[in-house]
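Visitor: Kindly produce the complete structure, drawing on both the sequences and the hints.
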Amino acid sequence: MKNTRKKGTSGEQIAEKFLTEKGYKILDRNFYFERGEIDIVAEDNGVIVFVEVKSRSSEEYGEPEDSITPNKRKQLRKVAEGYFYEKNISDVEARFDVISIKWKKGNPIIEHIENAF
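Those letters in the sequence shown? Residues 1 to 117, per the numbering used here, in order.
Source of the hints: derived by calculation from the structure; they are not laboratory data.
Ideal placement from N, C-alpha and C gives every residue a C-beta, glycine not left out.
Careful, some of the hints might be misleading.
Said to hold, decoys possible - Straight-line C-alpha distance at most 20 angstroms; calculated SDA-like pairs for lysine to any residue:
#1 Lys25 with Val92
#2 Lys17 with Lys102
#3 Lys72 with Phe84
#4 Lys72 with Arg56
#5 Lys25 with Lys102
To be verified - Cβ pair distances, simulated, as ranges:
#6 Asp91 with Ser57: 36 to 46 angstroms
#7 Lys74 with Lys105: 12 to 22 angstroms
#8 Asp66 with Asp91: 15 to 25 angstroms
#9 Lys104 with Arg35: 29 to 39 angstroms
#10 Asn88 with Asp66: 28 to 38 angstroms
#11 Tyr32 with Pro70: 18 to 28 angstroms
#12 Ile89 with Glu65: 21 to 31 angstroms
Guide: See the structure below:
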């Protein structure tokens, strides 16, 4: 397994634990629809939250959340629509959050950006 893949998986596990500790209910992980994926689907006080997790071990390429391009946002919205379709969910509020994880000396620094886009 590539090191970046390991960090991504580890980042998603850290994000899931972080959200659970904040009182979120995890509904799904790595939900795929067509050619897209959402890292975590959670529920926060009746709101469905689609969470994109981004990790970086260096600041060389900018902030983790900066890698979510307009095309990626469009793809995430499409996957979210697919989630509602497959789960037969309607008339519910939803939002997109980003969990940014920066690794400093082997320790994760977590930033939760609610309603990111």
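Visitor: Is it true that Lys104 and Arg35 lie within 29 to 39 angstroms of each other by Cβ?
Guide: About 34 angstroms separates the Cβ atoms of Lys104 and Arg35, which means 29 to 39 angstroms holds.
Visitor: Given the hinted pair Lys72 and Arg56, is their Cα-Cα distance within 20 angstroms?
Guide: holds, 17 angstroms
Visitor: Quick check on a hinted range of 36 to 46 angstroms for Asp91 and Ser57, using CB atoms only.
Guide: At 41 angstroms between Cβs, range holds.
Visitor: Verify the CB-CB distance for Ile89 and Glu65 against the hinted window 21 to 31 angstroms.
Guide: holds, 26 angstroms
Visitor: Hey, Lys17 versus Lys102, does the alpha-carbon distance stay inside 20 angstroms?
Guide: Distance of about 16 angstroms is within 20 angstroms: holds.
Visitor: The hint says 12 to 22 angstroms between Lys74 and Lys105; measuring C-beta to C-beta, is that right?
Guide: violated, 36 angstroms
Visitor: Verify the proposed pairing of Lys25 with Lys102, using a straight-line Cα cut of 20 angstroms.
Guide: Violated, at roughly 24 angstroms.
Visitor: Holds or violated: 18 to 28 angstroms for the Cβ distance of Tyr32 and Pro70?
Guide: holds, 21 angstroms
Visitor: Does the Cβ distance between Asp66 and Asp91 fall inside 15 to 25 angstroms?
Guide: violated, 34 angstroms
Visitor: Does the structure keep Lys72 and Phe84 at a Cα separation of 20 angstroms or less?
Guide: Since the Cα atoms of Lys72 and Phe84 sit roughly 19 angstroms apart, the hinted pair holds (cutoff 20 angstroms).
Visitor: Regarding the pair Lys25 and Val92, is the alpha-carbon distance no greater than 20 angstroms?
Guide: At roughly 15 angstroms apart (the allowed maximum being 20 angstroms), Val92 and Lys25 satisfy the hint.
Visitor: Take the C-beta atom of Asn88 and the C-beta atom of Asp66, compute their distance, and say whether it sits inside 28 to 38 angstroms.
Guide: holds, 35 angstroms
Consistency note: the structure conflicts with the earlier hints numbered 5, 7, 8.
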